[in-house]
Amino acid sequence: MLQTRAPRPVHTGLPGGLWVPSVLALGLIVLPVIGLVVRAPWSRFGELVTSESALAALELSLRTGLVSTLLCVVLGGPLAVVLARGSVPGLRLLRSVVLLPLVLPPVVGGLALLYLLGISGFAGYALNVVFGVRIPFTTTAVILAQTFVAMPFLVVSLEGALRTGGERYEVIAATLGAPPWTVFRRITVPLVLPGLGSGMVLSFARCLGEFGATIAFAGSLQGVTRTLPLEVYLREEVDPDGAIALSLVLVVVAIVVIAVARPRSAEGWG
Amino acid sequence: MKRWVMVALAAGLVLAGCGAGNTAATGSSAPARVPVTVLAAASLQDVFTTVKPQFEAANSGADLRFSFGGSSALAQQIVNGAPADVFASADEAQMKVVQNAGKAAGTPRPFVTNVLTIVVPPGNPKGIHSFADLAKPGVIEVVCAPQVPCGAATTKIEQVTRIKLSPASEEQDVRSVLSKVEAKVADAGLVYVTDARSAAGKVQEVNFPEASKAINTYPIVAIKNSPHAQLAQAFVTFVLSSAVQHELASAGFGPA
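Protein sequences appear in the order of chains W and Y. Number 140 in this note's numbering belongs to position 140 of the first sequence; there are no gaps in the numbering. Number 181 in this note's numbering belongs to position 181 of the second sequence; there are no gaps in the numbering.
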């Protein structure tokens, strides 16, 4: 097919039929946000988002989100390198396993964590007996839940960057006598920095939005485990104005995240 | 080939969706049944589900549909225009929300009461025998958030007893408290007597006398402008009937 037709500098134009569904799709994304903006209690906005519980939730969300993102990098970064460069059997299977938190409903992830690290789970029981530690209902539980759901975002975007980057420079460095650790430090890491950056931003966004796994595993207590989405959910029942105001805060954060991560991630993974 | 498979799958999904919608709308029997939507507090789930066939038998053509949840969430749904014919709330405050929005048809009727109790894992490993025991160091207790009815009742008991709890978590609804105790991640929880009964065997009840200081009254009302006003009213009357009252009493509810 391709060879028989000479390349012509013709703009084919879009089939008209694509416009209607496209506009509908965009509308579905944009209109609800406009709905929030229209309904927002602007006169009380400042007061609502600076209330004690709102600030506590915001602070907790930012703190746990940052720690979780860091954990994703420290644990998920090396995993991405192993997945992209390693040559162990079963790597394809491992790759699918990493995607599990991405496709699993977060509340299921939360329950899974609860039945592993709760006092009735084997790991939770061991932790309690050996170290006297209980994980559920602590800020640590929030961080674990967020790291669980956000990890695939970092691994997938970083692995993509590693794969598209290719191995040429690493091979050359190795043939010039650089030991593996030097190659990793001087070649691999600098090459994938942009991919790592967008992966981190996406992970951070996912951490900030985390709800289901947190409420199932960590519970909900102001300043300890009640992050911004949990605060929105609780307020929605008694103080819808407050819930809307806090939702808008999350929308703004999301827009900032997209603006920052866009150059790479908006055009596909990595 | 692959594309055709995808198209076929998509078409199949769409058709399946339509099919499900149709059967749900028309029901299985030939004469069209009238759907009556009841939004009811989560604690009413067991009893209302049990008495459903009774109501449908007595009112031929009625098709009862329940949506159970936290009363505050249900009240917000009604205020925001969710299709509802009847609202059964777990406290008067949430009924007020619906009344203030002008959504109640007539005056709500109180139909049962409920009180809090302590639930602990079987065997009561932390030895909890009173409300004060919950405040002991080393006891991980879970309660409802003060914004929802069971949490409001908890706060009231704290005020009466002057015992300040430091819960590990303030859950969104009473069932979440119960499940945290069932999963043994919490040493104790404050739930309604009726919730404790429904989980008998999986949790143990520890009654405390101060519970009587925070009695929740459950009101029920038909929703204004319901397209099935007559059946909605019939359901309210039905819930107040001795048959249902008996059923509610055996689930642990108190008389209104």
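Note that these hints are calculated values from the structure, not bench results. It is possible that part of the hints are untrue.
Unchecked claim - Distance condition first, Cα-Cα at most 25 angstroms in a straight line; then the derived SDA-like pairs of lysine to any residue:
1) Y:K224 <-> Y:G123
2) Y:K184 <-> W:F211
3) Y:K184 <-> W:S120
4) Y:K52 <-> Y:Q77
5) Y:K202 <-> W:P41
As the list claims (entries may be wrong) - Partner residues are not named here, just some residues of chain Y that face chain W (Cβ under 10 angstroms, in silico):
6) I140
7) V142
8) Q147
9) E210
10) Q233
Since we're looking at a predicted model, the values are computed, not measured. Here a beta-carbon is modelled for each residue, glycine too, at the ideal position from N, C-alpha and C.
Hint check:
1. Restraint check: the Cα-Cα separation between K224 (chain Y) and G123 (chain Y) comes to about 48 angstroms, which exceeds 25 angstroms; the hinted pair is violated.
2. Pair hint K184 (chain Y) plus F211 (chain W) holds up; C-alpha atoms about 22 angstroms apart against a cutoff of 25 angstroms.
3. Distance restraint check for K184 (chain Y) and S120 (chain W): the Cα-Cα separation of roughly 6 angstroms lies within the 25 angstroms cut-off, and the hinted pair is therefore satisfied.
4. Of the pairs offered as hints, the one joining K52 (chain Y) and Q77 (chain Y) holds, with about 23 angstroms between alpha carbons and a cut-off of 25 angstroms not exceeded.
5. Between K202 (chain Y) and P41 (chain W) the CA atoms are separated by roughly 45 angstroms; this puts the pair beyond 25 angstroms, and the hint is violated.
6. For I140 (chain Y), the shortest C-beta to C-beta distance to chain W is roughly 7 angstroms, which falls under 10 angstroms, so the interface hint holds.
7. The closest approach between the C-beta of V142 (chain Y) and any C-beta of chain W is roughly 7 angstroms, which is under the 10 angstroms cut-off, so the hint is satisfied.
8. Because the beta carbon of Q147 (chain Y) sits about 4 angstroms from the nearest beta carbon in chain W, less than 10 angstroms, this interface hint is met.
9. Checking E210 (chain Y) against chain W by beta carbon gives a least distance of about 23 angstroms; that is not within 10 angstroms, so the hint is violated.
10. Because the closest C-beta pair between Q233 (chain Y) and chain W is about 27 angstroms apart, greater than 10 angstroms, the hint is violated.
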